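Residues per chain are reported as follows:
There are 2 protein chains.
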Amino acid sequence: MKKQIVIIGGGFAGVALAKRLAKNKTFQITLVDKNNYNFFPPLLYQVATGFLEVGNISYPFRKLFQRWPNVYFRMGELKRIDPKNKQVELSTGRLDYDELILATGTESNYFGNDNVQKNAVPMKTIEDALTMRNTLLLAMEKATITRDEKERRKLLTIVIAGGGPTGVEVAGMLAEMGKFILEKEYPQLSKHEVQLYLVDGASSLLSPMSTKSQNYSLETLRKMGVRVKLNKMVKDYTEDTVQFVDGETIETKLLFWTAGVTSKVFDGIPEESYGRGRRLLVNAFNQVEGLEHIYAIGDTALMRADPAWPQGHPQLAQPAIQQGRNLARNLENSLHGRALRPFTYRDRGSMAIIGRSKAVADLPKPKMFIKGFVAWIMWLFVHLFSLIHYRNRITTMYNWTIAYFTRDQALRMIIRPKSEKLDTDL
Amino acid sequence: MKKQIVIIGGGFAGVALAKRLAKNKTFQITLVDKNNYNFFPPLLYQVATGFLEVGNISYPFRKLFQRWPNVYFRMGELKRIDPKNKQVELSTGRLDYDELILATGTESNYFGNDNVQKNAVPMKTIEDALTMRNTLLLAMEKATITRDEKERRKLLTIVIAGGGPTGVEVAGMLAEMGKFILEKEYPQLSKHEVQLYLVDGASSLLSPMSTKSQNYSLETLRKMGVRVKLNKMVKDYTEDTVQFVDGETIETKLLFWTAGVTSKVFDGIPEESYGRGRRLLVNAFNQVEGLEHIYAIGDTALMRADPAWPQGHPQLAQPAIQQGRNLARNLENSLHGRALRPFTYRDRGSMAIIGRSKAVADLPKPKMFIKGFVAWIMWLFVHLFSLIHYRNRITTMYNWTIAYFTRDQALRMIIRPKSEKLDTDL
Numbered sequence: 001m002k003k004q005i006v007i008i009g010g011g012f013a014g015v016a017l018a019k020r021l022a023k024n025k026t027f028q029i030t031l032v033d034k035n036n037y038n039f040f041p042p043l044l045y046q047v048a049t050g051f052l053e054v055g056n057i058s059y060p061f062r063k064l065f066q067r068w069p070n071v072y073f074r075m076g077e078l079k080r081i082d083p084k085n086k087q088v089e090l091s092t093g094r095l096d097y098d099e100l101i102l103a104t105g106t107e108s109n110y111f112g113n114d115n116v117q118k119n120a121v122p123m124k125t126i127e128d129a130l131t132m133r134n135t136l137l138l139a140m141e142k143a144t145i146t147r148d149e150k151e152r153r154k155l156l157t158i159v160i161a162g163g164g165p166t167g168v169e170v171a172g173m174l175a176e177m178g179k180f181i182l183e184k185e186y187p188q189l190s191k192h193e194v195q196l197y198l199v200d201g202a203s204s205l206l207s208p209m210s211t212k213s214q215n216y217s218l219e220t221l222r223k224m225g226v227r228v229k230l231n232k233m234v235k236d237y238t239e240d241t242v243q244f245v246d247g248e249t250i251e252t253k254l255l256f257w258t259a260g261v262t263s264k265v266f267d268g269i270p271e272e273s274y275g276r277g278r279r280l281l282v283n284a285f286n287q288v289e290g291l292e293h294i295y296a297i298g299d300t301a302l303m304r305a306d307p308a309w310p311q312g313h314p315q316l317a318q319p320a321i322q323q324g325r326n327l328a329r330n331l332e333n334s335l336h337g338r339a340l341r342p343f344t345y346r347d348r349g350s351m352a353i354i355g356r357s358k359a360v361a362d363l364p365k366p367k368m369f370i371k372g373f374v375a376w377i378m379w380l381f382v383h384l385f386s387l388i389h390y391r392n393r394i395t396t397m398y399n400w401t402i403a404y405f406t407r408d409q410a411l412r413m414i415i416r417p418k419s420e421k422l423d424t425d426l
Numbered sequence: 001m002k003k004q005i006v007i008i009g010g011g012f013a014g015v016a017l018a019k020r021l022a023k024n025k026t027f028q029i030t031l032v033d034k035n036n037y038n039f040f041p042p043l044l045y046q047v048a049t050g051f052l053e054v055g056n057i058s059y060p061f062r063k064l065f066q067r068w069p070n071v072y073f074r075m076g077e078l079k080r081i082d083p084k085n086k087q088v089e090l091s092t093g094r095l096d097y098d099e100l101i102l103a104t105g106t107e108s109n110y111f112g113n114d115n116v117q118k119n120a121v122p123m124k125t126i127e128d129a130l131t132m133r134n135t136l137l138l139a140m141e142k143a144t145i146t147r148d149e150k151e152r153r154k155l156l157t158i159v160i161a162g163g164g165p166t167g168v169e170v171a172g173m174l175a176e177m178g179k180f181i182l183e184k185e186y187p188q189l190s191k192h193e194v195q196l197y198l199v200d201g202a203s204s205l206l207s208p209m210s211t212k213s214q215n216y217s218l219e220t221l222r223k224m225g226v227r228v229k230l231n232k233m234v235k236d237y238t239e240d241t242v243q244f245v246d247g248e249t250i251e252t253k254l255l256f257w258t259a260g261v262t263s264k265v266f267d268g269i270p271e272e273s274y275g276r277g278r279r280l281l282v283n284a285f286n287q288v289e290g291l292e293h294i295y296a297i298g299d300t301a302l303m304r305a306d307p308a309w310p311q312g313h314p315q316l317a318q319p320a321i322q323q324g325r326n327l328a329r330n331l332e333n334s335l336h337g338r339a340l341r342p343f344t345y346r347d348r349g350s351m352a353i354i355g356r357s358k359a360v361a362d363l364p365k366p367k368m369f370i371k372g373f374v375a376w377i378m379w380l381f382v383h384l385f386s387l388i389h390y391r392n393r394i395t396t397m398y399n400w401t402i403a404y405f406t407r408d409q410a411l412r413m414i415i416r417p418k419s420e421k422l423d424t425d426l
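So the protein sequences, as listed, match chains A and B.
Counting with our numbering, you get residues 1 to 426 for the letters of the first sequence.
Counting with our numbering, you get residues 1 to 426 for the letters of the second sequence.
None of these hints come from the bench; they were simulated from the model.
All values reported here derive from a predicted model rather than from experimental measurement.
Please note that the accuracy of each hint is not assured.
Said to hold, decoys possible - Pairs of lysine-lysine, DSS-like flavour, derived with a Cα cap of 25 Å: (1) B/K2 x A/K191; (2) B/K191 x A/K2; (3) A/K34 x B/K154; (4) A/K34 x B/K184; (5) B/K23 x A/K184; (6) B/K191 x A/K25.
Just chain A, same shape as in the assembly (with noise of 0.2 Å):
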């Protein structure tokens, strides 16, 4: 009898360990996603901006796992662990399981604003990064077209909340194309202006990263035009206005929320399981404490016998992809009656790309910050080769090189959204 391997998420951590397991041949996986696809989050935002597809940057998991017939995919959405009987409860049914690995990864955090989460376009899904992408061509549609003139203003401000990597990303591309496209393109705006905020609740940019990257990231954001205020917390959106904590107001049709992630809460978890964030506390093994057979790797576990790393290991790709293969070692391991081996996060550092020819990286061994044009070389080279796939690879360099010479890209379609002719729970 095979040994039943569910792994719940298809992210960089689900699909690093099932990779690695399926050499195994003791091993049944099966991989559970409620998305038919894997793709790649750090290059959302140029799906959003229309200079990639969503094909350059995604992959169908039947595709991916088509030479290792024994790694099976399921569609479904997780919705009941049952521990006791070793089984989940799947909006599609229901599975066995030998061992269960959450690899979940995180959602839109709205820290329980309903109005937020209604009103502002999130940024974690390729649903997210289209449904951004028509907004904004829809709202300079109607900028064109209305004759009043303070409905044009609100379609024509951006606001942008959350400094992070993707909030600095969005915001550098958004001030690039404004410069570049809109003239060309939208002949009736000329004598308008585009107003561009990004927003953070803390006292500087990409908060994880060094000074130094933080600094150069501030400087070039203002001098492309970009009204970042920092120390500012949103505070409610209703009525085409940003409310900030203290109290600023600032009235935009489009807010583009990049301000927090969290965990998801499972049914059949118990309480004391979760910490900071939601995430899952874990052991220096991934396993799930307080409970057994149960693992989470990636953004939603929290691991902190890492000496390190007392706080947990950053929500990143490369925690999420290390964590998922020492998973898989050790589930070979103990298969063979071996010591497991706890985890250790080997930290390639961080980088952040703000525009054409401009990035920042810290590198933390040798300790270097390196920013401008080496560093957005770097960043190109860095996510070309971690694009999973070949064909992704070709392609997306295409793109870019065309983005690249013409300042331009050709992927500004509004395509409206039509549900499926299917009667369906999948």
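We have chain A; now place chain B onto it with these hints.
Coordinates of chain B only, in the frame set by chain A:
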């Protein structure tokens, strides 16, 4: 004062007209479309089957007209024409015109059957193609999960209604996907069979083509495993059952509708200006009969003055493009008091693709029938070079090359719809 030219619809005809007129600075051209992009309908079925991306076959109007400051784009839908006051009412406001050109194409014709309209998936727009892709992929996922044998059979039965080029192309593509992709990616379905029907009310496929083309297509599709049923009219589609006029039924959850098109009816155009299929009756200069300063070009125009085509021109790209260009010339002619040039269609033949290395082409001069690999290569070149934009061509060629060598494509992502977060009447 510039002459105000308003073009409703940015398909082959409308874009050909706008591009030709744009060079003349005495015209102020406004192109109106309900989408913000032009697209290439002959390749829609490749988007529907996951072989091409939306960006390969579509292009934003604003980018298309970047170089011509006297062409405006206006997003909106035509609501009403007021020929007396020379004004059109759009969903997004009013426009005055000196000359109005209707280039609105056709829409799916359900022949009055509401059940078919509600439950079948059509194939006329980009959204239709994405709906077809999602519906197909969701049906496959559901088929792997269900334990109800009857339900699974209905999910693995596909009925394509309409044996024109689109129906033939979709059938051929799905037959090949079933052969090369299904077994590799859906191991759970390996012992089940996909049943693929292509049905048409006429006694042959590809009715306007030569008998040789019709016979070759029929034989080829049958060899590929497609169950072709001719002289079969769909009567109704309810409770997962396609009912035919002759009493036969097929149980399926997937009815794809390519069985007919019809033109739109416009508020403000008198009853007597419409001909067969609601097409607008036009004279040899594409002027709508009984109206002044209003023209119709492309699929929606019915011209019986062209001696070789007493029943009107076929609803294809070539007549649309040629009419658009001829009308541009005539609008200039009338500006300079020169005689108008009646339209004559130069037939360049017609072709259809059935599958890998399998296509048919009827050439008019010299009259020739070409089939198989040679016709397939011709089809690829004609379609590649008809894609208006250089960018699209390169990525499309790349996508096709990959598809040819791998017999596979990677665009099988189910992107679920979600509405944009902007209150808008666009």
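Earlier hints that do not hold, by number: none
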